[in-house]
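**Student:** Construct the entire structure; sequences and hints are all you get.
Note that the protein sequences, when read in sequence, are chains A and B.
1 is the number of the first residue of the first sequence in my numbering; add one for each residue after it.
330 is the number of the first residue of the second sequence in my numbering; add one for each residue after it.
By construction, these hints were calculated from the structure, which means they are not laboratory data.
Cβ atoms here follow ideal geometry from the backbone N, Cα and C, with glycine treated the same way.
Just to be clear, a hint being listed does not mean it is correct.
One side only, chain A facing chain B, incomplete, derived with CB under 10 Å [claimed, not checked]: (1) D22; (2) P26; (3) A27; (4) P64; (5) V88; (6) L124; (7) L125; (8) A126; (9) G132; (10) S167; (11) E179; (12) A184; (13) A198; (14) M214; (15) R215; (16) Q252.
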Amino acid sequence: MGGVDVGDGSVPVINAVLDALDEVDPALLDAADAALTELRSGLEERARRAVELIEGHDAADRLPLRVPKGRMADLQVCERLAVARHAVTAFDRTGEAALRGVALDRFVLLELVQGPIVDPVEELLAVLDVQGEFPLCDEVVATEAERPGTFDGLAAAASAWRGIDASWTPRVQSAAALELADGAVVCSGRLDVELGGAGTDQPGVVIEVKSGAMRMSHLEEVALYALLVGLRDGHVPALVARWYPGAALATQPVDVGVLRSAAERLGDAIEIWSQLQAGRSPLEAPGPWCGWCPDAETCPSARRADESAAGVDDDEPWEPESLDDGSAP
Amino acid sequence: MSDASAGSAPDRSQLLADARARLAAGTERVLGERLVAEGRRPADGSGWFDVTDHSLSGRCPAQFAHPEPSVFSEFTTTMATRNLGRFVLQRWDGSRPVGDVTAELLDRSDDLPQWLANGLESLDRSARAAVAASVTAWALDAVSAVRSRPDLIWDGRNQKVNLDPYAVTLSARWDARLGDVRAPTTLLVHSGRVADRAVDELQAGFVALVACFRGRAVPERVRFSTAGTGRTRAVGITADVLGRAVDRVLQLLGHAVQPDAAEFVAGRWCTWCHLADECDVGQRFLGG
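**Tutor:** Encoded structure:
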């Protein structure tokens, strides 16, 4: 398949996508599509049990039980973190790592829809403003005033997204959600970039845009998206991938194994979250996430983690996942 | 989505007439001489009560009884996406990418309602790209939910009905229809709201009544789809469904004219509530 040259030495995303699609085995996709019905049934069953547990503890006001991608990620590292972030009604996404992620998402949007970015900060502010993200606008202005040029590298890296033909109908932040137990359990996510798939003439591709370091959990995220998109459209995406600025696109073919493991993790998260909502005390598991846990000041495990972290060289900021669970009006 | 005709138009006409009569009589009973409009509704709606599909499912009576003063809102993707998405789908025939239709629509905004055209006019190139991205994603998601059904007509709107002679406006959103504009057989509502049988029934009755208030008949059914799920669910429109929606409207109007008696009920909605700073119940819930 033909590729594009973005002219600045970065690896064009579309070239990597086309190369990876060449390697996709259609038989594996067919088998994955065929597994969707069974996977939905399994999740339905676990969701109904979760709802029964909550209703059995007179906690029906906790329904619908929302298990967005960010909550799943929290639950996998520390139950107390998940509970604490849920309790904080307006989670503060401040911090440079989070802001870089926000900026990179918008630069990718601009490259996909508008074309080359000329003035990174002005264009970032224009996008955030029309999206109603006024506090983030203030953060961008403050960060740029303090460290001019902070966003230039991210904007330059986003040029890798040039050259994607309109036939792919590029979408950013498209919704993928799964309602179970008649809507009493909801798992939702926002896909950073979606190409092709239902309603287009191109194979479906889901790409997560990551501004931080590669992590195992990112692989699990795209597997979850393969499952959610498959259940949404009736066909799994041909490819899921992660894109890190300056690095080669990390692609993952979608097969039954990927879907099954994602469904297993989602089912586990539904089960654990229902137990916590029904009153079970959360387990504590200290780690780098304690740095942005709302309970860090009071959690004994977090204090221990803080003490033991002294002298540990981990200069890669941990990037919290957004907890957008679709419940905002 | 199988929407075979389930009821005759005359039956549905009678359902509409009965629901309108029940609403009119109930409104007069609840409001009497109160909340009578003094002239036309002002552009910013100040002094008027709005009963929306959203307020219909609200769980805090006080939140409705003490409405947020209307304020100027900047043009954002949130307010524009669903409206523009419907215009895109009216023009999209499946023969070319949805994104191309979005781009054309945004470039020729003189075809749009004035508020949308003015809003787009005020945006620079990057902000328009953000709007375009949001609209294209919404449109393709909506089409995916209905499995690209070609006979759906995406001419929905935010329908408003003023309950004369009162300063009360009913407002319901719908996105697409099957059948005649004055007597559709199905109305589709595509939004981010999660499936909930009780709320679905309440909102279906309300949407059916408000959308068809000046039409010939209520629809046979209202379908809902939750964004990102790729599925729809239907509620059949019966006298019972319409009656419950009317009763709920009357209950809310009761709160409107007796705001001091309206109970404060806390929940996740307190997070975005305009009363949060002065509401003790909400403060306790939010841990303030």
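**Student:** Go through the hint on M214 (chain A) and say holds or violated, using the shortest Cβ distance to chain B against 10 Å.
**Tutor:** Check failed: Cβ of M214 (chain A) comes no nearer than 26 Å to chain B, outside 10 Å.
**Student:** Using Cβ atoms only, decide whether P26 (chain A) comes closer than 10 Å to chain B, and label the hint accordingly.
**Tutor:** violated, 21 Å
**Student:** The hint names A126 (chain A) as touching chain B; please verify it with the least Cβ-Cβ distance against 10 Å.
**Tutor:** Holds - the Cβ of A126 (chain A) comes within 10 Å of chain B, reaching about 4 Å at its closest.
**Student:** Quick check on V88 (chain A) please, does its C-beta sit within 10 Å of some C-beta on chain B?
**Tutor:** Hint holds; V88 (chain A) Cβ to chain B Cβ min 9 Å, cut 10 Å.
**Student:** R215 (chain A) was flagged as interface toward chain B. Is the shortest Cβ-Cβ separation under 10 Å?
**Tutor:** violated, 24 Å
**Student:** Less than 10 Å between beta-carbons is the criterion; does D22 (chain A) satisfy it with respect to chain B?
**Tutor:** violated, 22 Å
**Student:** Can we keep the A184 (chain A) interface hint, with Cβ of chain B closer than 10 Å?
**Tutor:** holds, 8 Å
**Student:** The hint names P64 (chain A) as touching chain B; please verify it with the least Cβ-Cβ distance against 10 Å.
**Tutor:** At 5 Å from the nearest chain B Cβ, P64 (chain A) passes the 10 Å test, so the hint holds.
**Student:** Is the interface hint for L125 (chain A) satisfied, with its Cβ closer than 10 Å to some Cβ of chain B?
**Tutor:** OK, holds: L125 (chain A) within 10 Å of chain B, min 9 Å.
**Student:** Take the shortest C-beta to C-beta distance between G132 (chain A) and chain B; is it under 10 Å?
**Tutor:** holds, 4 Å
**Student:** Return the status of the interface hint for E179 (chain A): holds when the least beta-carbon distance to chain B is below 10 Å, violated otherwise.
**Tutor:** holds, 5 Å
**Student:** Go through the hint on Q252 (chain A) and say holds or violated, using the shortest Cβ distance to chain B against 10 Å.
**Tutor:** For Q252 (chain A), the interface hint is violated, since the closest Cβ of chain B sits about 21 Å away, which is over 10 Å.
Of the hints listed earlier, those the structure fails to meet are numbers 1, 2, 3, 14, 15 and 16, in rising order.
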